[in-house]
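2 protein chains.
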Amino acid sequence: MYFLWLSQLCRGLSRPLGSTTQPIWGSVSRSLVLSSQRRIPEFSSFVARTNTCGELRSSHLGQESAASVKKILCEAPVESVVQVSGTVISRPPGQENPKMPTGEIEIKVKTAKLLNPCKKLPFEIKDFVKKTETLRLQYRYLDLRSFQMQYNLRLRSQMVMKMREYLCNLHGCGYRNPKLFKRTQGYGAKEFLVPSREPGKFYSLPQSPQQFKQLLMVGGLDRYFQVARCYRDEGSKPDRQPEFTQIDIEMSFVDQSGIRSLIEGLLQYSWPNDKDPLLVPFPSMTFAEALATYGTDKPDTRFGMKITDISDKFRNTEIRFLQDALSKPQGTIKAMCVPEGAKYLKRRDIESIQKFAADHFNQEVLPVFLKTNRNWNSPVAKFIMEEQRLELTRLMEIQEEDVILLTAGEHKKACSLLGKLRLECADLLEMRGMVLRDTSLFSFLWIVDFPLFLPKEENPRELESTHHPFTAPHPSDIHLLCSEPEKVRSQHYDLVLNGSEIGGGSIRIHDAELQRYILATLLKEDVKLLSHLLQALEYGAPPHGGIALGLDRLICLVTGAPSIRDVIAFPKSFRGHDLMSRAPDSVPPEELKPYHIQVSWPTDSEAEKS
Amino acid sequence: MYFLWLSQLCRGLSRPLGSTTQPIWGSVSRSLVLSSQRRIPEFSSFVARTNTCGELRSSHLGQESAASVKKILCEAPVESVVQVSGTVISRPPGQENPKMPTGEIEIKVKTAKLLNPCKKLPFEIKDFVKKTETLRLQYRYLDLRSFQMQYNLRLRSQMVMKMREYLCNLHGCGYRNPKLFKRTQGYGAKEFLVPSREPGKFYSLPQSPQQFKQLLMVGGLDRYFQVARCYRDEGSKPDRQPEFTQIDIEMSFVDQSGIRSLIEGLLQYSWPNDKDPLLVPFPSMTFAEALATYGTDKPDTRFGMKITDISDKFRNTEIRFLQDALSKPQGTIKAMCVPEGAKYLKRRDIESIQKFAADHFNQEVLPVFLKTNRNWNSPVAKFIMEEQRLELTRLMEIQEEDVILLTAGEHKKACSLLGKLRLECADLLEMRGMVLRDTSLFSFLWIVDFPLFLPKEENPRELESTHHPFTAPHPSDIHLLCSEPEKVRSQHYDLVLNGSEIGGGSIRIHDAELQRYILATLLKEDVKLLSHLLQALEYGAPPHGGIALGLDRLICLVTGAPSIRDVIAFPKSFRGHDLMSRAPDSVPPEELKPYHIQVSWPTDSEAEKS
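Order-wise, the sequence lines are chains A and B. To convert a position in the first sequence, counted from 1, into our numbering, add 17. To convert a position in the second sequence, counted from 1, into our numbering, add 17.
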């Protein structure tokens, strides 16, 4: 007995069934599951169906059953659900399709029954049929039938399952945490509030289980992990979801290298088998090096175009704006070589690059085109001495037809600018047909030794945590904590994949005094909100640390999906709306009474502002 | 290298280490994991520790390392965290403790380091030390170190992991659903609201993923399961949590028997190996039979004391109140036999039983004490004919020293009363030392054929869904839907364990017209709120059904914990408070602005009312 969504079946059964949802479902699961070398799930256990048609192969040839009833199948609309019994037979010579697993066979139908008809579809369910995302989200239950969504979601749940096996069965982690919590330090503004039945009392939906997982360690649970749903109320940030999922891990008696090895093993174990296996350990780089070489803390290391400091080479240059830069304290000159830039980049590309630099960094960028190494084509070419030219060529491995981008200024600013331009140029070069980044490559990288504190933007004299206030200082910098806190490195680590941050964590502070000093004295925060955590640390808290991986982004990169919304079954629109059920929705005032709240409607003027 | 919580270590290392958290942790996990016949998790992978001391056995005897530093260990307070290196040696003769896995050995300490001291504990961390639940919840991170909590949480996460293996790896289920949703039909009052950044717009935290899982089936995902966090705002109900966890399952092309087999297989597969294996299939019983025989829809079938209808035997009785009952339409006479009641039940027990019946059911209950079968001791004994006596004795298998409880009235009411009294008497008999219910017994039972609708309490002329409006009617009763809807049975099924409902589900309506008819015409509900679901059913929705198991209650029954709070790491108090972090908490008005809400403080009079 076969159950399937009817799709062009009426055009005759010799047509590949592969394009109906049910069959694809079958075949996706098969291929994925086989490739992941685990017991093949039974998709027809507990149901009347004997096979999904995607499962049928020439091995099923001639399986017993009987014939006819074309009428039902011809009259049933596309995407209707039908129940079919029949015989699996070979396709007529010449109609086989070797490209499809089901391509050798067709079904000679004996009985057919229309289980549920489908009314006219808002769009054709084909991956190649373009549809607006709004339409896709509004009819998500139809969009989910597409091959790509079925593939993404199945791969997601299989990767997660293998992560669970690795963490639970192999390394003894477990447990889940509550979601209704107390407002947490600092993040307040970004949290979702949940009114309780007590007047003026609110829960909040935590942005991460950070505090609970630390408390579990104090509770002697030793190893914790959960696939944690987290909530962040960020209004309409593109490619962010108000609720997102992270693989959340915490361990007692662990150090940085322990967590890193655990994560490397985790990703290696759960990595889809239709991709090249991962090589571990992943390389690691200090924050300082990442900034100096790639101008960012999440470098895409799939390609070069590294930033070079050429200050020394231009100590006595005649180029005015370079002179000015070097004359200033911490003035530097940085250069980046764009391979074959002279061939691929147009004049207007350079102009837009210079405009970007001026607009966003208030920086000057100087291009140098290399027709040949002898002939540098640039407004400042004549000021570049032969010896400088040879130096640079050697230092930056400059080739003919490259373009060098020069800029000058304060180290961090100059690097950040070139870091941005590096990605800009990469996109441009690829747009123009150059193959720069290997899309089949997964380039993981650990970033370590972040500064523990950063100067506050609004008031640079005060400090704020680079990550969060529970991060432990680097052992070798502890002595600087009182004297020069801004110089203290942290025991935080980020995991970067192809230029996206997909995870981060740290060794935590387990000493109550140190935690209190950092919160109260250095960060000037109100410790009352965290008294329960500070208190817990006083009762024999073990040294501990952890990490969280952003699952949505990870799966997004693994599947190559354009948006995280393509790896989530029912995502919110980028405005945070559920376009299918139309949430959030209004609530009549009387139904707000039990929660002791009322809506404060903005005045017109406020409404205009927002 | 060993890391452990110090507990009485200062009294000399010959004392069993088993009473420190770390060791117990080790030993619990060990025993559980071994018994569950899966790869033993590695508890010291990725950390500097070589062993938790609970792992140490005589097989470790003489393992290399060095000696001394008693001072640190003697001065460190109980429950401090220490790092110890040393040699595992045999205990001195006579000090072995065969009852403990670690009982043959002790550690000759070479080096010891105090990693984190513990200040004076609010209570001693011993299972036998009684503490108020308030204190336990306030210091949950200490309570979690107790043997029992470690056992409960570990067993929970291992059972859940095995459920995942069964559902994902063996039967191809997967996927997760969003939590921020639209308010759902009917339940509104019980939902948590989440204010959005749009004036007057609210999300809600769903009480169950019901709609999403049905939409996944329409989306062709065929088999769904998730360990779903659900939210129900019930104020202060004892042994209910505002957030709870359910094993949530939905399948396409499935019928009742399919779901039942799946669940039986699931529980059998995930059942702890230190318990007797489960026998499947579980017995099943119709709702009507459960009511008639046990006076409830969740009978505890670990013991008898069934209800018997003896109306026929008393057609022409002279006992007045029985006469009256029979004279009324649907009048019945019911009897229940309390084994050895004459021996165990005191006069005042019977009186309190009669009072309960009068107070809660406005019913009369007549006791008959059987000294011997010849001599029935009861106010009405003389009205019970010899032949009736023999009839009853045969029918109810009455023995000497039993007590019969007689009542009369409308079927449902009389049964419900005796159902309550059955449990009352069971408790009384056990209190008096009788062994009635085998506590090691797990007695599963399916209840089926519930009525699809019930008359509304406030207005019995109107109908409401017995469970929820998506439940499909029983195929053989469809013809009654228009004429006598109250007679229609549903395709809902409940799973009962030892008298507690631990799960329920149904085959769903997949026909849009039928769904609309039931919502609009029979239930008089506003279909607008569900338009997205109704619309989805029109696009070729497959026949589908599902079930949800209450995980907290299930684990509670398996572990024999007194409260579900004992199987949740960080539960809320029965008032819904987090006593550790003191949530819910107040929020200053200015921080409510972004959510466009303000608190409406109750007037004194209102405050008094609530």
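FYI, nobody ran anything at the bench for these hints, they're computed from the structure. It cannot be assumed that every hint is accurate.
What the hints assert, rightly or not - Straight-line Cα separation of at most 25 Å, SDA-like style, residue types lysine to any residue; simulated pairs:
| id | chain 1 | residue 1 | chain 2 | residue 2 |
| --- | --- | --- | --- | --- |
| 1 | B | Lys136 | A | Glu608 |
| 2 | B | Lys136 | A | Glu260 |
| 3 | B | Lys130 | A | Glu260 |
| 4 | B | Lys218 | A | Asp621 |
| 5 | B | Lys207 | A | Ser274 |
| 6 | B | Lys218 | A | Glu608 |
| 7 | A | Lys218 | B | Trp618 |
| 8 | B | Lys610 | A | Glu403 |
| 9 | A | Lys610 | B | Glu182 |
| 10 | B | Lys610 | A | Ser274 |
| 11 | B | Lys430 | B | Glu501 |
| 12 | A | Lys207 | B | Val616 |
| 13 | B | Lys218 | A | Val616 |
| 14 | A | Lys610 | B | Lys207 |
| 15 | A | Lys292 | B | Lys218 |
| 16 | B | Lys218 | A | Glu150 |
| 17 | A | Lys148 | B | Lys610 |
| 18 | B | Lys545 | A | Cys135 |
| 19 | A | Lys292 | B | Asn186 |
| 20 | B | Lys610 | A | Tyr534 |
| 21 | B | Lys218 | A | Glu260 |
As the list claims (entries may be wrong) - A partial selection of chain A residues facing chain B, derived with a Cβ cut-off under 8 Å:
| id | residue |
| --- | --- |
| 22 | Val64 |
| 23 | Glu96 |
| 24 | Ser107 |
| 25 | Leu161 |
| 26 | Gln165 |
| 27 | Leu187 |
| 28 | Val211 |
| 29 | Val235 |
| 30 | Met268 |
| 31 | Ser278 |
| 32 | Phe320 |
| 33 | Pro560 |
| 34 | Ile614 |
The C-beta atom is built at its ideal place from N, Cα and C for all residues, glycine as well.
Consistency of the hints with the structure:
no.: 1; hint: B:Lys136 x A:Glu608; in the structure: violated, 48 Å
no.: 2; hint: B:Lys136 x A:Glu260; in the structure: violated, 39 Å
no.: 3; hint: B:Lys130 x A:Glu260; in the structure: violated, 43 Å
no.: 4; hint: B:Lys218 x A:Asp621; in the structure: holds, 17 Å
no.: 5; hint: B:Lys207 x A:Ser274; in the structure: violated, 47 Å
no.: 6; hint: B:Lys218 x A:Glu608; in the structure: holds, 13 Å
no.: 7; hint: A:Lys218 x B:Trp618; in the structure: holds, 11 Å
no.: 8; hint: B:Lys610 x A:Glu403; in the structure: violated, 64 Å
no.: 9; hint: A:Lys610 x B:Glu182; in the structure: violated, 45 Å
no.: 10; hint: B:Lys610 x A:Ser274; in the structure: violated, 44 Å
no.: 11; hint: B:Lys430 x B:Glu501; in the structure: holds, 22 Å
no.: 12; hint: A:Lys207 x B:Val616; in the structure: holds, 20 Å
no.: 13; hint: B:Lys218 x A:Val616; in the structure: holds, 9 Å
no.: 14; hint: A:Lys610 x B:Lys207; in the structure: holds, 13 Å
no.: 15; hint: A:Lys292 x B:Lys218; in the structure: violated, 44 Å
no.: 16; hint: B:Lys218 x A:Glu150; in the structure: holds, 23 Å
no.: 17; hint: A:Lys148 x B:Lys610; in the structure: violated, 38 Å
no.: 18; hint: B:Lys545 x A:Cys135; in the structure: holds, 21 Å
no.: 19; hint: A:Lys292 x B:Asn186; in the structure: holds, 20 Å
no.: 20; hint: B:Lys610 x A:Tyr534; in the structure: violated, 32 Å
no.: 21; hint: B:Lys218 x A:Glu260; in the structure: holds, 17 Å
no.: 22; hint: Val64; in the structure: holds, 5 Å
no.: 23; hint: Glu96; in the structure: holds, 4 Å
no.: 24; hint: Ser107; in the structure: violated, 27 Å
no.: 25; hint: Leu161; in the structure: holds, 3 Å
no.: 26; hint: Gln165; in the structure: violated, 13 Å
no.: 27; hint: Leu187; in the structure: holds, 6 Å
no.: 28; hint: Val211; in the structure: holds, 5 Å
no.: 29; hint: Val235; in the structure: holds, 4 Å
no.: 30; hint: Met268; in the structure: holds, 7 Å
no.: 31; hint: Ser278; in the structure: holds, 5 Å
no.: 32; hint: Phe320; in the structure: violated, 32 Å
no.: 33; hint: Pro560; in the structure: holds, 6 Å
no.: 34; hint: Ile614; in the structure: holds, 5 Å
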